[in-house]
Amino acid sequence: MNPEESQNWQDLVDGYLHGSISTTDFDRLKAELKKDPQKRAYYLRAVRMDAFLREISANSPEEVNAPVARSRTKHFQPSWLAAASGVMASILIGCALAFPFLRPVASARILEMADAQWLSQDWKPGQALHSGQTLTLLSGVATIRFQSGAWTRLQGPSKFQVIAGNEGFLHFGQAFSKAETAASHGFTLHTRLGKFVDQGTEFFASATQDGFSQMHVSAGAVDAKVPGFPLERLEQGSGLGIESGDTPVIIRIESGTGTPDFEFPTIPSPSDVDAADLSQRRSEVTLLGPDGEEISPHRKSGEGKRLIDGVGQSRGDEPGESLYFTDASQGLILLDLGQEIPISRIHTYSWHLNDEYPDFRRRAVQRYTLWGCGGSRPSSLPENDELSAGWTRIARVDTDAFFDVENDPDRPEQQVCAIYSNRPEIGTYRYLLFQVNPTPMPNGMRSRHTFFGEIDVFAVPRNN
Amino acid sequence: MSDPLPPSDADFDFNEHFAHHEAEFRAYARSLLPTWDAVDEVIQSASLVMWRKLDEVDLPKGFLPWGKCVVRFEAQKYCRTKARDHHVFDPELLNLLATHLDEDESSFGQEQEILEACLDKVSATNRRLVLAPYRGHGVLTKLAEASGRTRNSLYKQIRRIRNRLQQCVEEKLRSLPLEG
Numbered sequence: 001m002n003p004e005e006s007q008n009w010q011d012l013v014d015g016y017l018h019g020s021i022s023t024t025d026f027d028r029l030k031a032e033l034k035k036d037p038q039k040r041a042y043y044l045r046a047v048r049m050d051a052f053l054r055e056i057s058a059n060s061p062e063e064v065n066a067p068v069a070r071s072r073t074k075h076f077q078p079s080w081l082a083a084a085s086g087v088m089a090s091i092l093i094g095c096a097l098a099f100p101f102l103r104p105v106a107s108a109r110i111l112e113m114a115d116a117q118w119l120s121q122d123w124k125p126g127q128a129l130h131s132g133q134t135l136t137l138l139s140g141v142a143t144i145r146f147q148s149g150a151w152t153r154l155q156g157p158s159k160f161q162v163i164a165g166n167e168g169f170l171h172f173g174q175a176f177s178k179a180e181t182a183a184s185h186g187f188t189l190h191t192r193l194g195k196f197v198d199q200g201t202e203f204f205a206s207a208t209q210d211g212f213s214q215m216h217v218s219a220g221a222v223d224a225k226v227p228g229f230p231l232e233r234l235e236q237g238s239g240l241g242i243e244s245g246d247t248p249v250i251i252r253i254e255s256g257t258g259t260p261d262f263e264f265p266t267i268p269s270p271s272d273v274d275a276a277d278l279s280q281r282r283s284e285v286t287l288l289g290p291d292g293e294e295i296s297p298h299r300k301s302g303e304g305k306r307l308i309d310g311v312g313q314s315r316g317d318e319p320g321e322s323l324y325f326t327d328a329s330q331g332l333i334l335l336d337l338g339q340e341i342p343i344s345r346i347h348t349y350s351w352h353l354n355d356e357y358p359d360f361r362r363r364a365v366q367r368y369t370l371w372g373c374g375g376s377r378p379s380s381l382p383e384n385d386e387l388s389a390g391w392t393r394i395a396r397v398d399t400d401a402f403f404d405v406e407n408d409p410d411r412p413e414q415q416v417c418a419i420y421s422n423r424p425e426i427g428t429y430r431y432l433l434f435q436v437n438p439t440p441m442p443n444g445m446r447s448r449h450t451f452f453g454e455i456d457v458f459a460v461p462r463n464n
Numbered sequence: 001m002s003d004p005l006p007p008s009d010a011d012f013d014f015n016e017h018f019a020h021h022e023a024e025f026r027a028y029a030r031s032l033l034p035t036w037d038a039v040d041e042v043i044q045s046a047s048l049v050m051w052r053k054l055d056e057v058d059l060p061k062g063f064l065p066w067g068k069c070v071v072r073f074e075a076q077k078y079c080r081t082k083a084r085d086h087h088v089f090d091p092e093l094l095n096l097l098a099t100h101l102d103e104d105e106s107s108f109g110q111e112q113e114i115l116e117a118c119l120d121k122v123s124a125t126n127r128r129l130v131l132a133p134y135r136g137h138g139v140l141t142k143l144a145e146a147s148g149r150t151r152n153s154l155y156k157q158i159r160r161i162r163n164r165l166q167q168c169v170e171e172k173l174r175s176l177p178l179e180g
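In order, the protein sequences belong to chains A and B. 424 is the number that the numbering used here gives to position 424 of the first sequence; each next residue is one higher, with no gaps. 117 is the number that the numbering used here gives to position 117 of the second sequence; each next residue is one higher, with no gaps.
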């Protein structure tokens, strides 16, 4: 380029970069960029210089005695940050603290709080939350309203991160979310193991620090997206858990119609052809105490074989057709399948509706940790670790958490839990051990145990 | 199971890598897009794509080229949707520019450091002037009013400073020892 040509080209590029170029000049710029590699190279160098200077400007305080105060809000409005992550946002927020005019648009706000104790920052109602900001609620309750109109009520202890104006991340704790505005359709709550996407709903989610996540739909529907699993559309009354580990496991909870047919939305009724069924003449049920000793069930309980007889109870208050432990005790149900079996699914059924007080359904809840082992049975019982004394933890189940039960009437009287994986089998086991937790009772009453009606174990089909 | 979600304590890689290369992604996007507002929009969608597909990348080496590729596609998408607007490049030009950018092996970070060193050598007045266009609308006008000059003459001076800075950067880059 000769000096004049170079001067003209610089004028053109500067006009474009400053946003003052005319349509005619823009067409000329495009034509020159296409045909002249030298001009293209100059243009790209100019853009890079522009980007460098912009970056330097953003990261350096304005000089004292500068003639005017800058106002870069428009240029720097970081709507794109909605997408991203903590550090990206915190960089910007850091800038915003140094330069208030850079403060980004809020993705959410604290709506209200009750007895809220925070780990570090003392959040206040009305306070803006930007994408990437994380709140750690030690105790109490705090409600966050997103830009979209969706809101999430956190129950401490919880750690929650605002991702965007319609998106959050529950690191751990409990969160009840409601998305009822048009703009909040598709509200997404992430956990470490998957995400829950609103389809016009309200739902409850919880997550433990090791990533175990649960969700229950109170109204409407939610899509659960778990990597490696088909998308699960969950309707009102359904719940889902996601258990990490070598074999990822889904725990699906449903409430039944409360009839002897044990009908559920998607999970089948009790089976008499499963691998553990009494008719196969291989399985055996034993109850163990906390030290591994063999114990008897509650004096009114049915025998162990009730769990593998292919049917559930005939009524909601039928102790003799259920298997359950003595009140206030700790116990384990050991299911010996008689041989190692590649297991595809496990279903557990419960039913309880007090005859005299229909609101009392405390024995309907299923709260257990399921362990498995193959070959010979370990001499000791599992501890709390994922792999413990020869046992493999398969799943943790707490249906009260799924159904967000606070009081008895909230608890479905008839419940089923299905445990399965995205792989053909969840494991090859001979022994299944259900470490059952009792349900705490108010006013000094002894804790109660679940009325289990049936446990079905399905083997992987031989041709699989 | 692969962890799908970057924004957690366990997912530091995305944050770290994105923050490290963010300025370069923005510069790359600006080469293809008409305004910084458009860059903001494209970086928003590109960062989402990167964030969700991080497990596809061979980290850390592959992050930058892959990230640029994502920015390029998102910029192309933006230009398609804004094709009727003023001053948006057409697909042919976008491809030409992107190809040129992808062939450029210079180090963005190193160049930026050199530029900062060069900028330290200019006078405070010139530094203030060359950064003025990024300080917000009206800043340059006020500078012009305060100094009794026209905006146009200030732009010309800014260009001269920028050209000197460019020259300084290129000289320093040439003087660097060759790698390998």
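Keep in mind that a hint or two might mislead.
Unchecked claim - Chain B stretches covered by chain A per the calculated footprint, using a threshold of three residues with CB under 8 Å from any CB of chain A:
(1) 21-35
(2) 62-73
(3) 78-84
As the list claims (entries may be wrong) - Footprint (simulated), chain A over chain B, 3 or more residues, beta carbon under 8 Å:
(4) 93-102
(5) 149-155
What the hints assert, rightly or not - Once the Cα atoms are required to be at most 27 Å apart in a straight line, the calculated DSSO-like pairs of lysine-lysine come out as:
(6) Lys39(A) with Lys68(B)
(7) Lys82(B) with Lys39(A)
(8) Lys35(A) with Lys82(B)
(9) Lys142(B) with Lys30(A)
(10) Lys77(B) with Lys30(A)
Simulated from the structure, these hints should not be mistaken for laboratory data. For glycine and all other residues, C-beta sits at the position ideal for the given N, C-alpha and C.
Against the structure, the hints come out as follows:
1. 21-35: Since three or more residues must qualify, the claim that chain A covers the stretch 21-35 of chain B holds, with 8 doing so at under 8 Å.
2. 62-73: violated (count 0)
3. 78-84: violated (count 0)
4. 93-102: Our answer is that it holds, as 5 residues pass the Cβ test (under 8 Å) against chain A, meeting three.
5. 149-155: Our answer is that it is violated, as 1 residues pass the Cβ test (under 8 Å) against chain A, missing three.
6. Lys39(A) with Lys68(B): holds, 22 Å
7. Lys82(B) with Lys39(A): holds, 25 Å
8. Lys35(A) with Lys82(B): holds, 23 Å
9. Lys142(B) with Lys30(A): violated, 32 Å
10. Lys77(B) with Lys30(A): It holds: about 19 Å lies between the C-alpha atoms, which stays within 27 Å.
Violated hints for the displayed structure, listed by number in ascending order: 2, 3, 5 and 9.
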